[in-house]
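Q: Residues 1 to 428 (our numbering) make up the sequence shown, in order.
Just so you know, the hints here were simulated from the structure itself, not pulled from any lab data.
Computed from a prediction, not measured in an experiment: that's the story for all the values here.
We treat Cβ as the ideally placed atom computed from N, Cα and C, and that holds for glycine.
Hints are not guaranteed to be accurate.
Pair ranges (Cβ atoms, derived) [to be verified]:
(1) 225 to 54: 38 to 44 Å
(2) 225 to 60: 22 to 28 Å
(3) 405 to 287: 31 to 37 Å
(4) 272 to 139: 23 to 29 Å
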Amino acid sequence: MRWIVTASNAAEPGPAPQLGGVPVHKRLLDAAPNLAPAVMARLVEQLPSYGELPSEQLRGETTQAVDRGIRTFIEVLRTGEPPEEAELATIRESSARRADEGIPLEAVVGAYHFGAEACVAQVLSAAEPEDLRDVLLVQRQLLGYLRLVSCAVAAGYVQERQAALGDEQVARQSLLSQLLEGGDPRAAADRAGIRLPPRYLVLSIAMGPHPDELRPDVNHSVAGRRKLRRLRNELQRRTPGVPLSVLSGDGGLALVPDETPDTDLGRADRDRLARLVEELSRMCGAELLVAAAAAAPDGVADAARLVGEVRQVAKASGRGPGLYLLDDVLLEYQLSRPSPASEALAALLGPLAERPELLDTLRTFLACGIDRRQAAARLQVHPNTVDYRLRSATKLTGLDAARGADQLTLRAALAAHDAVRQGESDLD
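My request is simple: use the sequences and hints to build the entire structure.
A: Shown next as C-alpha cells:
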C-alpha cells in the first residue's frame, strides 16, 4: 500500500508521487541510463577507495551495483513498497564482496547514498510549489529505502569481516603455537600473512584487577573484559608489526615483533619496555607486573619459559608492579632452582606455616629494601605492626630480617619455600 504525508504529518493511502503530472518513477526510469555513470564519477572523485579500484571492476560489477541500486529505488517509488528480501540479499552479498576487497564500510554505504541523492536531485529539479505533498512523499520513501539498504550493507559487510577475522585469528594463533612449541614457524607465518621479525620481545604479564572489578555494584565480568580489550588495543597501537598474544583477565603472554637483530636487551631496550609497561598499565587501568626477554623466532619457546619463571619469581619475592628482566632477580631466580639444599632452606620457614601474615610481612620487608614504612604502606598496616610481626618471625625462626648476615639466608629460604610450594602445586 502506498502512503503520502499530509500537512498534519499523518499517513494515509495515496497514489504514487508525481511531479508536474508525471509519476516520479517514470522520470527516473527515463534518466536511469545517465544516472549510473554520473554516480560512478562522483564515487571516484569523492571516495578514494573507489578511485583505487581496477578500471575493469569499476566499469563492470561496481557500475552494475550502482545501476541496480537506482532501479531498486525506482521500484520503491513505483510500488510504494520497500525493497524485496531477494534484493536486500543481493545487497548483502555485494557488500560482503566489498568487505573482502578491503573497501571501507563508510565507502560502501556512501555509494548507496550518492545514488539516492542523484535520484532525488534529478526529479526534484522539476518540482513546483503545488508538488509539496509529492516531494515529502519522495523524501519519506527515500529515507525508508536508505534505512533498509544501509542495514543490509552493514549486515553483509560485518558478517564477511567477522568470518575473515576468524580465519585471521586462527592463522595467528597457529603461528603463536608454532613459536611456543619451538618448531619452524615459517610456514605458519606465511599462512597468517605475517613476516617474521628478526626478534620478538617476549612478555609474561601478570595483570591486577581494575578498580571497577572490586566494586560490588559493577558487573565484574564486563569490567574485566573492558580492561583486557584496552590492553590488547594499546598493545596493537604501540606495535609497528603484528603482536601475538594469549591473554586473559589476569594476564598471559605477548610477543611483540622488533626489528633489532640483537637478542640481548640493552639499556635503551629496557627504557622503551618500561615505558610500554607504564602506558599499557595506564590505558587498561590495572597494575602490571611484566617479565621480558628478547629472542629470535626460533628461540621464542625457551624465552617464553624463562619470562614465565622470572615473572613468577618477581611476584613471589614481593616485587611491585613494573618491568623485570632476569638480571633484576638473578639471586632469587637461582635460589628457586631445585637443589639438594632446597628442602632444607624451605624448612627454615616451616615455623611460619601457620602464620601467613608473618611470611607476607617478611617477604614484603625484604622486597622493600628493609624499609619498614614502605613495607607498611604496601601491606596497608601501621609501621608498628610491621615491627611486631618481624619480631614474631625472628622469635619463631631465629632469623632476623634486619640483620645483614641473616638477610641472604632469608631470601634463599623464601625462594626455596616458593619453589617447593610450586612443585607441590604442580603435583596436585
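Q: What are the numbers of the hints the structure violates, in ascending order?
A: Hints 2 and 4 are the ones this structure does not satisfy, whereas the remaining hints hold.
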